[in-house]
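Enquirer: These protein sequence lines map, in sequence, to chains A and B.
Taking the working numbering, the leading residue of the first sequence gets 1, the next gets one more, and so forth.
Taking the working numbering, the leading residue of the second sequence gets 1, the next gets one more, and so forth.
Worth flagging that the hints you see were computed from the coordinates, not collected in a lab.
Please note that a few of the clues may not be correct.
[To be verified] Just a few of them, taken from the derived set where beta-carbon distance is under 7 angstroms, the chain B residues facing chain A: (1) V141; (2) P232; (3) A233; (4) S235; (5) M239; (6) L278.
Computed from a predicted model, the values in this text were never measured in an experiment.
Idealized CB from N, CA, C, for every residue including glycine.
Protein chains: 2
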Amino acid sequence: MSAKKYLVLAEGNSGDAHYGKTMRGIVDYAPDPVVAILDSMRAGESYREVPIVGSVEEALPLGPTVAAVGVATQGGRFPPAWRELLKACIRAGLDVESGLHEFITEDPELVELAQRHGVELRDLRKPPDDLSVPTGENLRVPAKIVLTVGSDCAIGKKTVAVELDRAARARGLRSVFVPTGQTGIAIAGWGIAVDAVISDFLAGAAERLVVEGAARGGELLWVEGQGSLAHPAYSGVTMGLMHGSAPHAYVLVHRAGATHVEGYPDHPLPTLRELIELHERASLRLRPARVAAVALHTGSLDEAAARAAIHAVEDETGLPTGDPVRLGAERLLDAVLDRVAE
Amino acid sequence: MSAKKYLVLAEGNSGDAHYGKTMRGIVDYAPDPVVAILDSMRAGESYREVPIVGSVEEALPLGPTVAAVGVATQGGRFPPAWRELLKACIRAGLDVESGLHEFITEDPELVELAQRHGVELRDLRKPPDDLSVPTGENLRVPAKIVLTVGSDCAIGKKTVAVELDRAARARGLRSVFVPTGQTGIAIAGWGIAVDAVISDFLAGAAERLVVEGAARGGELLWVEGQGSLAHPAYSGVTMGLMHGSAPHAYVLVHRAGATHVEGYPDHPLPTLRELIELHERASLRLRPARVAAVALHTGSLDEAAARAAIHAVEDETGLPTGDPVRLGAERLLDAVLDRVAE
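Put together the whole structure using the sequences plus the hints.
Expert: Here you go:
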């Protein structure tokens, strides 16, 4: 079979930083090429030189082999209109990959259609069925473990982990990115979506991921963070991941200027100093971890304002701060390596 | 049909405070009577005047109608020997209630056997299938919400909530116990086992429970706590419950003299002052909650030592402290009512 070529389905969301984040992650970081993005609202435009098309038919001449669901939805369910889109992809002979909570592999109509058209359905968020509680192996993993945490969802915790892993590998370090969510899994080709695991086994799933990261040769593991301790919906996921992955250090990710939880305008964010202290206090007593650096998402600022924001956060927190996407990951990587060497 | 009469299955665990805690909860607090406990290791003994029997056959003359799985297992799965026990109950015409993660209603052999014998299987830990993230309704619930939190699992967070609810009702308050786990559900006849919910919907499930508690007439809700922020396996459940149930106050539960997490001898507990500070810092900014009182589990101490331990904790924390099971819940109830009235 020829290599994987993606059609990324982002209907209605290709321009949305939050709900379109899976699309962006696949386009920006997946090893296989994206030949088209589907979003009828923005057909004719492009994202990172990938054309945006208005229908499955329009994408077919570009030769996609896999349709990847490139949106996150509140609650992880498919909007009704999406059924028709998925069926059109299956009828066009494309495999379908989804990271939503509503599993396509358990939908009788889609399964039947896929069998008829000889295509494969894959649920990236479907957890292994043999998970349990942690065994303590997380604390014996022969690697230094770094977890990205943050002030909110969808601010770049995955991207920061991916960029730091890249920078570490460029230096010749045995570094591995450890995916914990749908987009990370799409990028790396392995992983467990910890937010889809039953709460009791959340830490056990995180433990299994760092054990596997080390088994894949990682002496330095960058664990993709999820949610935020300050988030009214997803803080439990964050906490379970913090204890189960047993990091030696954190990188705190924040969007420059954000004052409230995105989508929850009543919920003010703690200050960065409060967040740093909360993570350090909430760490396992047996594996006390410190925040080594702050990664600031400055995408909405011009370069001068971005540099000013970085300096302001550095002053506020006393920690090395940078925007690894915009300005390179070296400074943050140095800070983390110093911290985990202690 | 005649009223429910329980045979509580506690094979191998009736003497174990942790793994037998469901048995104890049902015997101590369920509204329906327990006619026998099954544990072949302790047949002939009794617990709270309920006879312990060695086999299902031995229990039948006592007239049970329902066999309740009265153990918690690490990971929530059935030890292989239990299959035979469950089948014996079904063959004897008993309905079966289980709170383990491994669902008896999804086991083809047990389902077929139950149909053949005309009995019902019930999975208390099976979550509703329409859960999602919180909507913000938790912050608009017209009730004062109190969550029990603690230094560890299986130290009495449920019992403290049940005792405080009883004491509040005895004073004529419109008080409701809100069950969040298998035993609580067995006791109260409603609820969601939040540890069996997928992590993303944990806070949403907790929100639904406090909304329902108020709909059941509660102006004062006692939410059964789960796990501990200090627990290496279950901290995620605790955190999601803290944010999703949006309490106005906490009662911190601790076992007198405990220094390490039970079953995790390498994991030291934080001090009570650290735990109090951690819970208060981790609360939602929009619903800052304080620890109103400490409930000390003094079951292993004689009365003089219990009173001394209570005074010591009161000195250490500066908070009203008591053992509501042993010495009555009035003092703690006063402290909580003072706190939520502020």
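Enquirer: Tell me, which hint numbers fail for this structure?
Expert: Number 1 only.
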